[in-house]
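Line by line, the protein sequences give chains D and F. Taking the working numbering, the leading residue of the first sequence gets 1, the next gets one more, and so forth. Taking the working numbering, the leading residue of the second sequence gets 1, the next gets one more, and so forth.
Just so you know, these hints were derived from the structure itself, not from any lab. Wrong hints could be hidden among the right ones.
Straight-line distance between alpha carbons at most 30 Å, and here's what the computed DSS-like set of lysine-lysine pairs gives [stated by the list, open to error]: (1) D/283 x D/161; (2) F/277 x D/161; (3) D/261 x D/161; (4) D/283 x D/261; (5) D/173 x D/261; (6) D/173 x F/277.
Now the stretches of chain F that chain D is said to cover, found in silico as 3 or more residues with beta-carbon under 8 Å [to be verified]: (7) 12-25; (8) 52-61; (9) 258-267; (10) 278-287.
Counterexamples of contact, computed for chain F against chain D with all Cβ distances above 12 Å [as the list claims (entries may be wrong)]: (11) 77; (12) 133; (13) 201; (14) 235; (15) 254; (16) 292.
On a predicted model such as this, the values are computed, not experimentally measured, just so you know. Ideal Cβ positions, reconstructed from N, Cα and C, are used throughout, including at glycine.
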Amino acid sequence: MTIGEQQQAAVATRVDEATGTAERVEFRGAGRERVFSVQYTPATEPVGGLLVCPALASEFTQNYRREVLLARRLAEMGFVVERFHYRFTGNSDGDSANLTFDSMREDAVAATEHLRGLAPGLPLFLLGTRWGSLVAASAAASSDAGLVLWEPELDTARFFKDAFRARLVYDRKRGVEEPLTGAQLIERVRAGDPVEAMGHTIEPELFHSSEGRTLEGELGSTPRAIFVLQLGGTGVVGQALSSQIDRWSEAGFRVDVETVKGDETWWVIDERLNDMGDQPMTKRLIELTSAWLATSVGRQVEA
Amino acid sequence: MTGAAVTYREAPVFLESGEDSLFAIVTVPARGRATAGLIVLPGGATPLTTNRNRLSVRICRALAREGYAAMRLDYHGTGDSTGVLDQIRLDQPVVEDVAAGVAYLRSIGVERVALAGSCYGARNALETAAALPEVSEVIMIAPSTLDYVLGERGGVNRAKKWSLGRYAIEALRPRTIAGVFSSRKRRSYGIYARAKMKEMRRKLPGRQADATGSEAEMDASPGFERAMRTLADRGAPVLFVYGGEDGFYGEFTRAADGRLGEILGGSTVSVRVLPGKIHGFTTVHAQDVALEEIRGWAARTRTDGSTEPIGEPEAVPALDLPDRAAEG
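Here chain D stands alone, though its shape is the one from the complex (with noise of 0.2 Å):
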């Protein structure tokens, strides 16, 4: 392993050794906002390009690792990928309070842009979890972009019932008298309060502007390349998802779909699962992602 120039400026480069695919952070943009990246660049000339969405709050936190190891595995196979966190959340500047999906969106786009620029002429995927799937959808809505869907949500009220579920289900565990309820936690926000779940705060800003979007509306009509990857115990799809999925089939999108057997608690971090990204799940979410996404590109996965 080598490290770069790196202490110079606000970038830290590495390139690994084993497969010469190079690593650059840094903090993009100028003044009080600016977007944590991380760029992975191939050794050979690149094939296509991913960009990752992430999730938000404990969601972020649990898939983490899994979207590093995507990331490094890709990029040994020849894709230029770009990770980042949202303005106002992560790593990246500003106050969490500031968070809005428009600004997600607009963070989402101008990394499209930038790895446009990385892998000119080249095709490009977005890939998002959970809530970072409606995310990829709403950037990726005026391109011909492919997407990756990870356990996608389906619509943004998903992601509050979870957080909210959470919260009332460790509330009633650690003995709260008469904790709040799901539709109270929301009245509380749309009023305008900060409302916590699991130890993050869900602002009223992020609540009101993205509340009523669907990754149907979001995504839009044009057809394109969808891998929907679901994560459960049952091996089955579910059915609102099933549903969506037929939807956009019959609207002439290319859609595949595979489910991943293993669990995961998106709100409650729980030590007994932590994920150093060697669990099978992972593993085989990695492998299938990498596996449609060179299938789609027009090449063969090596081992």
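Given the structure of chain D, go ahead and fit chain F onto it with the hints provided.
Structure of chain F alone, referenced to chain D:
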């Protein structure tokens, strides 16, 4: 943040630790050079530079506002670092990783480096401070005084409390049986079963007395004690922060009644016990408490009593970032 002045500069860095490249972010004041700094070390459940709800980000930026350098890093095998971390074990701290962070801060002119960690991060802070005399002090938030493998604490505690009969009753509950079809539950059952087997083996006649008596259950782990004694001998300040409802606080008080108590009696150790639960930072309140404790540490370390930031207003030697104050 609109309208507010920029109060920090940040740079990502890769650090070498053995075969691995560790990812870290260094935060420094918007202007000038910091001569005192702190490394934030996350717990095992959220091993990321951000920590839960950006807690580490907020801590680092708050410290930079007050004139300090701060660093948040990903242990090897986590976050944006390379490598594999097979298991998070409290008895196997990643000293080499934290030492790489310390060396980096010192390379940019930080003369006094403190370490602050929660849970697993606290144990990493403690062991690294014991190994490196250049670490000036340690803040440990909700550390365990015993040695666990991450995720096995519940199993170990039940193994101590539950009889074999209780295990049989629990195993025959319909919910437990239904759980056999869940990989997550099966993994938990395995942890519980292994913990009970280990506990039973530990109590077999002829096993070493030091591991079976109530005294052993009361004391801190040998590694914890050893590291604490090293710091006490060196006179390095150590601050413990617990929530009164933290499970680890009970362990700590029992250990303090034993051999650890002799070490804690020194003048360099202080203990803060706050209401509620802090471990895991599962509430915003717990996060705010941690942030305030660390800011309090920063204020107390200003030995000259001035309100000016620690450090001299001169160029940063290695972290050559442009001043950001003009942007504000």
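Hints, verified against the model:
1. D/283 x D/161: Holds: residue 283 of chain D and residue 161 of chain D sit about 29 Å apart, inside 30 Å.
2. F/277 x D/161: Holds, at about 25 Å.
3. D/261 x D/161: 23 Å, holds
4. D/283 x D/261: Holds - the C-alpha atoms of residue 261 of chain D and residue 283 of chain D are around 11 Å apart, at most 30 Å.
5. D/173 x D/261: Holds - the C-alpha atoms of residue 261 of chain D and residue 173 of chain D are around 28 Å apart, at most 30 Å.
6. D/173 x F/277: Cα-Cα ~13 Å, so holds.
7. 12-25: Satisfied; 10 residues make the cut.
8. 52-61: Holds: 4 residues of the segment 52-61 of chain F have a Cβ under 8 Å from chain D.
9. 258-267: Coverage by chain D is violated here, the residue count being 0 at a Cβ distance below 8 Å.
10. 278-287: holds (count 7)
11. 77: 5 Å, violated
12. 133: 25 Å, holds
13. 201: 22 Å, holds
14. 235: It holds; residue 235 of chain F is separated from chain D by about 33 Å at its closest Cβ, greater than 12 Å.
15. 254: It holds; residue 254 of chain F is separated from chain D by about 22 Å at its closest Cβ, greater than 12 Å.
16. 292: 16 Å, holds
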